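If you read the protein sequences in the order shown, they are chains A and B. Under the working numbering, the first residue of the first sequence is numbered 803, with each subsequent residue one higher. Under the working numbering, the first residue of the second sequence is numbered 5, with each subsequent residue one higher.
Keep in mind that the hints were calculated from the coordinates and are not lab data. Keep in mind it's a predicted model, so treat the numbers as computed, not measured. Just to be clear, a hint being listed does not mean it is correct.
Residues of chain A clear of chain B, computed beta-carbon distances all greater than 10 Å [claimed, not checked]:
id : residue
1  : Pro815
2  : Tyr870
3  : Gly871
4  : Ala944
5  : Thr945
6  : Ala967
7  : Asp990
These stretches of chain A come out as covered by chain B in the derived footprint (C-beta under 8 Å, 3 or more residues) [unchecked claim]:
id : region
8  : 896-903
9  : 972-986
No residue lacks a Cβ here, since even glycine has one placed at the ideal position from N, Cα and C.
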Amino acid sequence: MALMERELIRERPLEGRLVRLRARDLADEPLLWKWINDPEVTQNLMARYPYSHAAETEWLKTQTAPGYGEAGLGIETLVEGRLIGNIGLHRASAEDRRATLGIMIGEGDFRDRGYGTDAMRTLCRFGFAMMNMRRIELDVLATNPRAFHVYEKVGFQLEGTRREALWKFGRWIDIHMMGLHEGELRWD
Amino acid sequence: MGLTASTPLVGQLVRLRARELDDEPRLHELFNDPELTQYLAIRYPLSHAAEKEYLEGASKSVSYERVDLSIVTLADDLLIGGIDFRNVSPEDRRAALGMAIADQAYWDRGYGTDALRVMCRFGFEQMNFHRIELDVYDTNPRARHVYEKVGFKHEGTKREGLYKFGRYIDIHIMGLLEGELLTG
Chain A
803 MALMERELIR ERPLEGRLVR LRARDLADEP LLWKWINDPE VTQNLMARYP
853 YSHAAETEWL KTQTAPGYGE AGLGIETLVE GRLIGNIGLH RASAEDRRAT
903 LGIMIGEGDF RDRGYGTDAM RTLCRFGFAM MNMRRIELDV LATNPRAFHV
953 YEKVGFQLEG TRREALWKFG RWIDIHMMGL HEGELRWD
Chain B
5 MGLTASTPLV GQLVRLRARE LDDEPRLHEL FNDPELTQYL AIRYPLSHAA
55 EKEYLEGASK SVSYERVDLS IVTLADDLLI GGIDFRNVSP EDRRAALGMA
105 IADQAYWDRG YGTDALRVMC RFGFEQMNFH RIELDVYDTN PRARHVYEKV
155 GFKHEGTKRE GLYKFGRYID IHIMGLLEGE LLTG
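Pulled out of the complex, with its shape left as it was, chain A reads as follows (with noise of 0.2 Å):
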């Protein structure tokens, strides 16, 4: 980790360049309505079925206290205090010190702007420095090319791929699993 990052994460540990992460409340609950509601979200996750506002309110407790085994978080753009999505470390293994990332712009017009990706390196960096994880993983559809760069940018390496695991939009799909060790977290 760079000189500056090691400062600003002492000072801000979960801010990056353009996003803030927080805890989500229940006032939240709208917005992430109708981004789970929403095909152009939904398409690359493996989020199938309609939800109501009481099934997403209910999902929503259990968020609004982040921590070690359940560390969901928003993420706010720096400059309009903006919530433009979901992001979160999940089942986390305090053994293996592994856990699970998960992230989702919601909000079409921040996509292929570069939020998606420092949000991606605020939450690893919080990851490895605050919560002491040495390994972090996560799926990504080969559908979803743009979010495989990303992945990539950020230095995390793909570690196999699960032929035609998501059956979806009629047909099969592979899932790549990638992974991000302690160390391999890229800045630029």
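Fit chain B to the given chain A structure using the hints.
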């Protein structure tokens, strides 16, 4: 394979049957043996109470969501291990497989291979799976060899995904699609 429709869970050396509550003493003994658990996700000692509770659940219902079976020898009906489908996804027609030949006297003698073939065939022919997947630790090349023999393809490696015995161990991911099962 020359097996009749009435015996889908019988192989050449073993048959797979539902878990029973009285499997408990034997399973408790076998699954507390470090020689075995070094290859499994198990780290902590298993009490009789925990084993009983597990068997109460597993024996009550065998269904699409969870098929968790005991492996017994055909020759003398001895319980030697377990095999199961978990994390079943009906939309993706996919399941994860877990298996343990828990009795070391039956290692390296074809019992695991036979149980694996019977279970995978059951998954494809009776449950209509498209894909069966599993994890195997880098420290267990013997198991990996069995999986390959049955047709599983090595699809990737989670680098140092597991910590055990004071070191980080790679986890290999393997997958078997319908039509790929090798009957030997």
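Status of the hints after comparison with the structure:
no. : hint    : in the structure
1   : Pro815  : holds, 25 Å
2   : Tyr870  : holds, 16 Å
3   : Gly871  : holds, 17 Å
4   : Ala944  : holds, 12 Å
5   : Thr945  : holds, 14 Å
6   : Ala967  : violated, 6 Å
7   : Asp990  : holds, 23 Å
8   : 896-903 : holds (count 4)
9   : 972-986 : holds (count 4)
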